[in-house]
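Asker: Turn these sequences into a full structure, and let the hints guide you.
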Amino acid sequence: IYLELYTPDQWEIDKDSVTLDKLIGQGHFGQVYKGVLKLSDGTLKPCAVKLRTTHPTDLLQEASIMKQFQCYHVIQLYGICSRIRPPYVVMELMENGDLKNYLYRYRQSELNPHGPTLAEGAMIQLALDIADGMYYLSDQKFVHRDLAARNCLVNGNHTCKVG
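Read in order, the letters of the sequence shown correspond to residues 4 to 166 in our numbering.
Calculated directly from the structure, the hints in this document are not laboratory data. Even for Gly, the Cβ is constructed at its ideal location relative to N, Cα and C. Mixed in with the good hints, there may be bad ones.
Capping the alpha-carbon separation at 20 Å, the derived lysine to aspartate or glutamate pairs in EDC-like fashion look like this [said to hold, decoys possible]:
| # | residue 1 | residue 2 |
| --- | --- | --- |
| 1 | Lys70 | Asp142 |
| 2 | Lys70 | Glu95 |
| 3 | Lys41 | Asp61 |
| 4 | Lys41 | Asp12 |
Computed spacing ranges between beta-carbons, pair by pair [unchecked claim]:
| # | residue 1 | residue 2 | range |
| --- | --- | --- | --- |
| 5 | Leu131 | Gly159 | 16 to 24 Å |
| 6 | Gln143 | Glu113 | 38 to 46 Å |
| 7 | Ile68 | Gly45 | 24 to 32 Å |
| 8 | Asn104 | Glu15 | 30 to 38 Å |
| 9 | Ile87 | Gly45 | 19 to 27 Å |
| 10 | Ser141 | Arg88 | 33 to 41 Å |
| 11 | Gln71 | Thr46 | 19 to 27 Å |
| 12 | Arg86 | Gly45 | 21 to 29 Å |
| 13 | Gln13 | Ala122 | 38 to 46 Å |
| 14 | Tyr75 | Glu113 | 31 to 39 Å |
| 15 | Lys41 | Ala122 | 18 to 26 Å |
Answerer: This is the structure:
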């Protein structure tokens, strides 16, 4: 049924070019796997692959919305595998995970009194990254509706992006 609601386009990628590695997230939204995308020139690119066995139409609708966004501080869509069940949404891999857990890792506590902390400037930069992403979405006349630390992701360079 959901294939009838979604028409493949230039964002369609062949499932054989996507390799799932390990599960990195799971929730009501479905599952997210760390994976590798083989580009047309043979280059291998790390990626995140979101899939959803229940309500896959919602996932394809989300991917369709992501197609219109081109902003450094908004998660980048790489492509969609809509001809398989469940469909895959292939996007930028954010190595440091969601902002909520990222901040917990850098929080000192009684259990972790000498652990690493984030400098004030780094925390301000995270906030600026999110503000830039949200400004872009607003400028595109898009309302996010669920801005939360769990929906902001941090890459390997400690840059935060709205997801």
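Asker: If a hint holds in the structure, say so; if it does not, say that too.
Answerer: Structure-based check of each hint:
1. Between lysine 70 and aspartate 142, the direct Cα distance comes to roughly 16 Å. Compliance with the 20 Å bound is thereby established for this hinted pair.
2. Distance restraint check for lysine 70 and glutamate 95: the Cα-Cα separation of roughly 13 Å lies within the 20 Å cut-off, and the hinted pair is therefore satisfied.
3. Taken as a hint, the lysine 41 and aspartate 61 pair is broken in the structure, with Cα atoms around 26 Å apart against an allowance of 20 Å.
4. In summary, the hint linking lysine 41 to aspartate 12 is supported, as the alpha carbons are separated by about 19 Å, within the 20 Å threshold.
5. For leucine 131 and glycine 159, the hinted distance range of 16 to 24 Å is satisfied, since their beta carbons lie about 18 Å from each other.
6. Evaluation of the 38 to 46 Å hint for glutamine 143 and glutamate 113 yields a pass: the beta carbon distance comes to about 44 Å.
7. In this structure the hint that isoleucine 68 and glycine 45 lie 24 to 32 Å apart at CB holds, the actual value being about 30 Å.
8. Judged by the Cβ atoms, the range 30 to 38 Å given for asparagine 104 and glutamate 15 holds: they are separated by roughly 32 Å.
9. Separation of isoleucine 87 from glycine 45 is about 22 Å and conforms to the stated range, judged on CB atoms against 19 to 27 Å.
10. Take serine 141 and arginine 88: their Cβ atoms lie about 35 Å apart, and the range 33 to 41 Å holds.
11. Our hint of 19 to 27 Å for glutamine 71 and threonine 46 holds, since their Cβ atoms are close to 25 Å apart.
12. The beta-carbon spacing between arginine 86 and glycine 45, approximately 22 Å, falls within the hinted interval of 21 to 29 Å.
13. In this structure the supplied range 38 to 46 Å holds for glutamine 13 paired with alanine 122, their Cβ-Cβ distance being about 42 Å.
14. Range check, tyrosine 75 to glutamate 113: Cβ separation about 38 Å, and the 31 to 39 Å hint holds.
15. Distance hint check for lysine 41 and alanine 122: the Cβ-Cβ separation is about 38 Å, which falls outside the suggested range of 18 to 26 Å.
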